[in-house]
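Construct all of the structure, not just a fragment, from the sequences and the given hints.
Protein chains: 2
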Amino acid sequence: MRILIKDAVKNLDKEVTLLGWIHRIRDLGKISFILLRDRSGIIQLVTDKITDINTESVVKATGTLRSNEKAPGGVELDLKGIEVLAKAHGDLPIAVNQDPSKLSLEAVLDHRILSLRNPKIRSIFTLQSNILKHFATHLRSEDFTEIKTSKLIGTGTEGGTGLFPVQYFDRKVYLAQSPQFYKQAMVASGMERVFEIGDAYRAEKHDTPRHLNEYVSLDVEMAFIESEQDLMDLEQRILKSIFEGLKKDSGEIVKEWNSAIPSGEEVDKIPRITHDEAKEIVSSVSGKRVFEINPEGERILCEWAEKEHGCNAVFVYAFPRRKRPFYTFPIENHKTMSFDLLFRGLEITTGGRRINEYDMLIQSIERFHLKPEGLADYLEIFKYGCPPHGGFAIGLERLTQKILGLPNVKEASLFPRDRKRVRP
Amino acid sequence: MRILIKDAVKNLDKEVTLLGWIHRIRDLGKISFILLRDRSGIIQLVTDKITDINTESVVKATGTLRSNEKAPGGVELDLKGIEVLAKAHGDLPIAVNQDPSKLSLEAVLDHRILSLRNPKIRSIFTLQSNILKHFATHLRSEDFTEIKTSKLIGTGTEGGTGLFPVQYFDRKVYLAQSPQFYKQAMVASGMERVFEIGDAYRAEKHDTPRHLNEYVSLDVEMAFIESEQDLMDLEQRILKSIFEGLKKDSGEIVKEWNSAIPSGEEVDKIPRITHDEAKEIVSSVSGKRVFEINPEGERILCEWAEKEHGCNAVFVYAFPRRKRPFYTFPIENHKTMSFDLLFRGLEITTGGRRINEYDMLIQSIERFHLKPEGLADYLEIFKYGCPPHGGFAIGLERLTQKILGLPNVKEASLFPRDRKRVRP
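Respectively, the protein sequence lines represent chains A and B.
The opening residue of the first sequence carries number 157 in the numbering used here; numbering runs sequentially from there.
The opening residue of the second sequence carries number 157 in the numbering used here; numbering runs sequentially from there.
Heads up, some of the hints might be wrong.
The list cannot tell twin chains apart, which means a pair is met if one copy fits it or any two copies do.
In the DSS-like style, the derived pairs of lysine-lysine whose C-alpha atoms are separated by at most 27 Å in a straight line are [to be verified]:
hint, residue 1, residue 2
1, Lys276, Lys539
2, Lys328, Lys361
3, Lys539, Lys170
4, Lys527, Lys243
5, Lys539, Lys258
6, Lys539, Lys576
FYI, nobody ran anything at the bench for these hints, they're computed from the structure.
So this is what it looks like as structure tokens:
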């Protein structure tokens with residue numbers, strides 16, 4: 157019966173079977189120390205027999221577990237037999253068992269199949285899996301329904317630019333930039349509270365450490381809100397649940413990446429400033445007058461929040477109307493009930509209250525010089541009674557990146573897609 | 157403070173606020189009965205004032221809750237004030253408050269935004285959300301990691317046919333038919349056990365009650381298995397968890413659809429028959445010699461299992477090699493370690509052990525007349541030690557359909573895509 161390496165310490169002096177990959181071999185002639193890796197950890201195997209096993213081969217090892225203070229984890233396997241289940245062929249293009257900081261981002265991504273075998277790199281995605289769990293669990297606890305909507309759309313609610321065309325039988329459709337249309341439809345259908353974990357596509361030519369052309373969007377939409385303030389409250393509750401959950405199940409991973417998970421108190425302290433106030437702060441800190449918040453501005457604002465409020469995050473709200481999509485609920489004609497959340501120097505959320513009245517929406521469409529005909533299906537949502545509502549989306553990869561302090565968002569995507577990369 | 161309609165009975169004789177949609181109005185001249193609908197249920201409002209509210213408008217209603225045996229749910233709201241939050245415009249193209257069986261499938265899907273307001277239609281997706289929860293919860297309990305992989309691929313592991321092309325900047329890529337390549341890569345990376353809830357795309361020209369061109373695939377992949385028997389064991393454990401979970405949180409929905417959730421004992425009884433045995437049974441029942449299991453054969457096999465084993469489901473395994481993809485693990489040259497699960501007359505799962513040895517895979521690629529060059533990234537997984545493994549996928553919409561007894565799988569997709577339909 158196989159046991160996991162993490163359970164070795166509970167099985168001292170017993171004969172057990174371990175399954176896993178050969179992580180490293182140290183052959184001292186008379187004695188060999190072999191590190192074996194499985195999904196739960198790494199253990200030392202000790203043998204005085206000569207083995208012709210190479211690193212990354214998959215093996216079944218049997219033997220007796222012994223306590224040994226010098227061994228990693230304080231326990232080692234006195235090897236009795238080892239069977240190769242799958243032999244690793246040839247030389248590895250990158251070493252799996254080295255410190256991943258020695259690898260370039262290009263090498264990590266080009267050899268993704270192999271680089272993911274490095275436990276530290278793989279741990280990024282263990283943590284990401286836990287984020288998905290805590291996100292969904294929190295929303296279900298607030299009576300949200302999980303939805304799955306189509307990613308193949310006739311036209312975009314956000315305009316036609318930035319969309320990837322798909323040849324769909326004899327016609328052209330597009331990959332959805334967001335589930336905006338559908339999550340609003342579901343709120344209006346009477347579900348009131350929905351969330352979706354789904355892919356989003358942006359055909360933008362950016363190639364920066366903060367952009368992906370395909371990413372996972374954690375989308376939330378909620379009926380019967382008053383303003384974007386309710387949405388910021390909700391996002392704070394979600395983030396507290398995620399962070400508290402991660403402290404329990406991913407604390408070791410965050411520590412290994414030399415990062416820290418914000419506390420619930422820190423989340424409570426996230427300041428809320430208007431877009432005008434944000435520009436003032438950035439102008440004052442940078443010493444030059446700014447008219448919008450660029451990536452440098454996002455960093456400045458988070459540093460300001462850290463210094464002034466003890467929390468490396470800030471909500472910016474009341475964005476000007478010209479900076480938000482046509483469906484954003486206006487205040488006093490030139491502002492909107494919208495917000496961004498900046499976390500550790502990066503925008504990880506955009507959201508806001510949406511226009512829910514048909515006539516107001518028609519006016520907004522005209523103001524933005526869009527054509528109501530192209531939005532016929534979208535308008536249907538509002539014709540027949542749509543409650544006041546709003547929502548937001550958190551970028552999964554950006555959140556993962558910032559929790560672990562990774563320099564590039566691509567490190568937080570298993571198989572990232574950028575302008576040049578479509579493989580592996 | 158708003159209360160949900162389901163909590164009305166706990167607030168008798170109190171003044172409360174309700175929010176929701178006008179479901180139906182019965183104006184008796186001196187007195188009006190108005191049905192109000194929110195995400196949790198329907199309640200009767202009683203008023204002697206004339207109201208000019210129309211159905212589907214969104215309102216805020218205040219008043220005192222009174223016990224009334226004749227009212228639906230035994231409680232009604234003595235209306236004090238009603239405020240329209242969003243007026244429904246004009247005539248509804250389909251009635252929301254009627255029995256949905258009176259609507260054609262075309263009408264339901266063409267007017268999806270409105271048909272989803274019907275509580276019975278919407279309930280399909282409440283149940284679907286619960287399936288997602290139970291699926292993920294079960295797999296996490298067995299130490300599986302949730303992954304999110306790219307849907308934009310350079311080439312298909314399953315060959316180039318049946319793929320939708322995407323214009324990706326200056327090159328062509330394809331929408332993934334399944335996360336096959338990636339989930340195997342993640343198993344080999346050392347995660348050992350992964351699952352993915354993701355979109356899958358099939359550019360097949362079918363237009364049948366069992367096909368969708370875009371669907372949600374519940375994918376599972378697991379290392380260190382012996383054969384497909386381990387995978388069938390796992391699927392039975394997953395289905396038991398889903399069904400037991402649904403009994404608790406979706407029992408009412410299943411009842412309203414006149415269906416029933418299989419018991420844990422029924423799942424335990426699912427018989428396992430070889431593809432050869434399956435052909436024998438279908439030939440014998442239908443009275444004509446069959447050489448493959450078509451949809452009619454799937455129905456016959458499930459009826460057979462119901463009669464012989466008391467369970468409307470059957471595993472068919474040991475499929476011939478020519479019927480399975482090149483990566484399926486062979487037995488005795490002409491058979492494979494693969495299986496299907498048929499449930500209530502429909503295939504809802506395909507799975508199997510995969511070839512994990514590099515040399516065996518190269519041989520299989522040649523046997524299937526494929527080119528190793530086109531599979532270079534895929535082959536990389538097996539070059540450096542890949543454990544014995546396998547997996548399967550459950551179609552979310554098909555599972556939903558069969559649990560509720562829906563005639564067409566499109567009813568179980570919020571915004572289905574077929575050859576002709578790409579909207580709403």
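Homomeric proximity label, Lys539 with Lys258: Cα distance no greater than 27 Å: Between copies only: 23 Å across, 58 Å inside.
Identical-chain pair category, Lys539 with Lys170, by Cα at 27 Å: neither (70 Å within a copy, 34 Å between copies)
Between the shortest in-copy and the shortest cross-copy C-alpha distance, which are at most 27 Å for Lys328 and Lys361: within, between, both, or neither? For Lys328 and Lys361, the Cα distance is within 27 Å both inside one copy (21 Å) and across copies (16 Å).
Could you figure out if Lys527 and Lys243 sit no more than 27 Å apart (CA to CA) within one copy, between two copies, both or neither? between (61 Å within a copy, 23 Å between copies)
Checking an output row: Lys539 and Lys576, CA cutoff 27 Å. Within, between, both or neither? Between copies only: 25 Å across, 43 Å inside.
Is it within a copy, between copies, both, or neither that the alpha carbon of Lys276 lies no farther than 27 Å from that of Lys539? Result: close only across copies, 22 Å inter versus 52 Å intra.
Of the numbered hints given earlier, the model fails hint 3 alone.
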